[in-house]
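There are 2 protein chains.
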Amino acid sequence: MITKTRTRLLLLWAILFVPGLALAQPPRGPLVVSPQVNADKTITFRYLAPQAKSVELSAQFEKGPVPMTKDAQGIWSATVGPVKPDIYPYNFRVDGVSVMDPANVAFFPNERFKASLVDVPGDTPLIHAMRDVPHGSINYEYYPSMEGTTGSLVVYTPPGYDQALSKKYPVYYLISGTTDTEETFFKVGKTNLILDNLIAEGKAKPMIIVMPYGNIAARIAEQKGGSKPADPTVRDGADAVKRANDFTTDLVSNVIPYVEKSYRAIPNRDNRAIGGFSRGGGQTLRTAFNNMDKFAWVCAYSSYLSPQEMDGNFSQIVAKPDQTNKQLKLLWVSVGSDDFLYKGTVEFMDYLKAKNVNFKSLITDGGHTWMNVKTYVAATTPLLFQSQTPRP
Amino acid sequence: MITKTRTRLLLLWAILFVPGLALAQPPRGPLVVSPQVNADKTITFRYLAPQAKSVELSAQFEKGPVPMTKDAQGIWSATVGPVKPDIYPYNFRVDGVSVMDPANVAFFPNERFKASLVDVPGDTPLIHAMRDVPHGSINYEYYPSMEGTTGSLVVYTPPGYDQALSKKYPVYYLISGTTDTEETFFKVGKTNLILDNLIAEGKAKPMIIVMPYGNIAARIAEQKGGSKPADPTVRDGADAVKRANDFTTDLVSNVIPYVEKSYRAIPNRDNRAIGGFSRGGGQTLRTAFNNMDKFAWVCAYSSYLSPQEMDGNFSQIVAKPDQTNKQLKLLWVSVGSDDFLYKGTVEFMDYLKAKNVNFKSLITDGGHTWMNVKTYVAATTPLLFQSQTPRP
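Going down the list, the protein sequences come from chains A and B.
The first sequence begins at 1 in full-length UniProt numbering and counts up one residue at a time.
The second sequence begins at 1 in full-length UniProt numbering and counts up one residue at a time.
No lab work stands behind these hints, which were simulated from the structure alone.
A few of these clues could be false.
It does not matter which identical chain is meant; a pair holds if it fits inside one copy or across any two.
What the hints assert, rightly or not - Here are the simulated lysine-lysine pairs, DSS-like style, with alpha carbons at most 25 Å apart:
#, residue 1, residue 2
1, 294, 320
2, 343, 63
3, 224, 84
4, 41, 224
5, 261, 168
6, 294, 326
7, 355, 326
8, 326, 353
9, 63, 53
10, 53, 70
In this text, all values refer to a predicted model and were calculated from it rather than measured experimentally.
All chains, please: the whole structure from these sequences, using the hints.
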């Protein structure tokens, strides 16, 4: 029986909680709080699915899937941890289907998978935490890109940028990994908050950070392809090389001119850095080694070039190491000991060492993850654009 | 048998297509192109799920779910349409579980559901299309909010804002719907592109648009709650009123001062507009009617206040209609004829008419959707901050 009060409550519920979307969603029912990070650093995950037969949690701090259990309302839950403070991707497997957490707005921008993010704060705020310091700004920008297409950039400007109107800044071009987007260093890497905190501590120079989208071919196909988008499954060597070259061309010919016209950037090599993660690290090394007149600071996170590619395409870098060492104010290579690219990255380090090319390196715990990317951003940005850079 | 060439290809594949995330994902297999908008405005949706028993498409241009069929590779697909050019939310139901399209980066930011977006372009570019015109910028900002928390805003600055450094601009405060976030007017509403296009056509005045997050209580709980976030299922009348009041207080006491300090805003009522969709429309009307000294332009999209609330809380608005009509340069109310709030909104229009309060109205086809929100944004922003506003 529905009482009058109950009817009123239901009406209020209908008015206050009107979704903007009438898709086939789980029926309205109990509102679910998930994830819930508890004071003891355990995390409770919840997912409403009265009809599901099995729900599992898949999280990057766990070795494997964690079974969840269903309560009388049809809410599945699991409490895990305590978990080491950091930001982790996770999702649910519902009867074998991977889904984001519908109750969580924090998401991992990516072309191929969908994951949510859970933030476990430290007892003292971590380097990527929102602290009570002056904040820079994140700007979404469009720029004229290749083949008449419009590219998109995410650009960080440091605190005070909009006040110090005569000041110019160095620029760090920062490229995310395969299947990531131009948003990933912002939404997952928290690059803006890391810089806000490092700048507040006087550890990093105020800088502009430009985050491009790495997959030029996909964007061109989307905007130009009409009914026939380029088939991304064609991934032979020649096509991959073309895509890498296209990225470099677009960055040098379109992105940098756009940024230096639109922002108060210092337009010379000593004030340009380039870095990236995974595929973005490969794009970083290729772009830098092909444009030694453009970048003086180079950071490869969890990535490398093979000795074969170095010998074949970048002999000028290793043939005259003294010149290279003079030109590059920083060459950084870092990787996690559990990263599946660990072996290749260490081989790259050994190669540079054998060729007497100076570089700074960091080997961390962990794998090919954005937890490590945040560590590398926090470790490298204090080195950029400093007149005295420590040498290994 | 794996040949040497095949091994090389697999290695290349591993290097080029390294996901940054090793969650329990569908195994790597054929890369899926989805959605594919065809030249004839049909759309092909695809989803890889070799093990699934049933996959359906749920899209806002369809009356109900559309069955998809599986090919030999395990890719489910459906081609639908032709579809009227617009941007539509959709997702898949995989064995009854709602999932976003993993192959699509365009998503609908929301607290409670997860949907992807498909953009069907018009034969001539629609008002929200990316056109070759000067683009403004979208800025993500943090501001000091209630109870020591940090709020987030998305702010549109018009083309030329960073060049015309002595120019000041009017500001439109624009609030999204229930369960939407501060990103929804940007990512789904394409408010920035609509304004870029209207400004390029000389139809709208260059303005700053500030998009706050409507759910203050949730943010405070998240940042202050620790192990005990406020239970959002408590939705009785008093709590709902408190939440609405908190939103108004935060907007007036924190957001506006932050914006007028950080941006070149003209800080007076004639140059402040407020508008919103659904719950955001209710927040708009309450905030405006409680702060007649702050806003001269008011737009309610798909929302209304009841005659009871008007009589009870806003008698000063209707008691002296001549004064109200002089103060408000625009009061706008619009709704779709299939909107489940249609009846209440029309009742609100009738109420205003009976009370001799001037307003402009628009009744469109369609429902409580972001397709309609885009129409309303495009219809109202040309009216804002104009010295001559047409009267009904």
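What hint numbers does the structure not satisfy?
none
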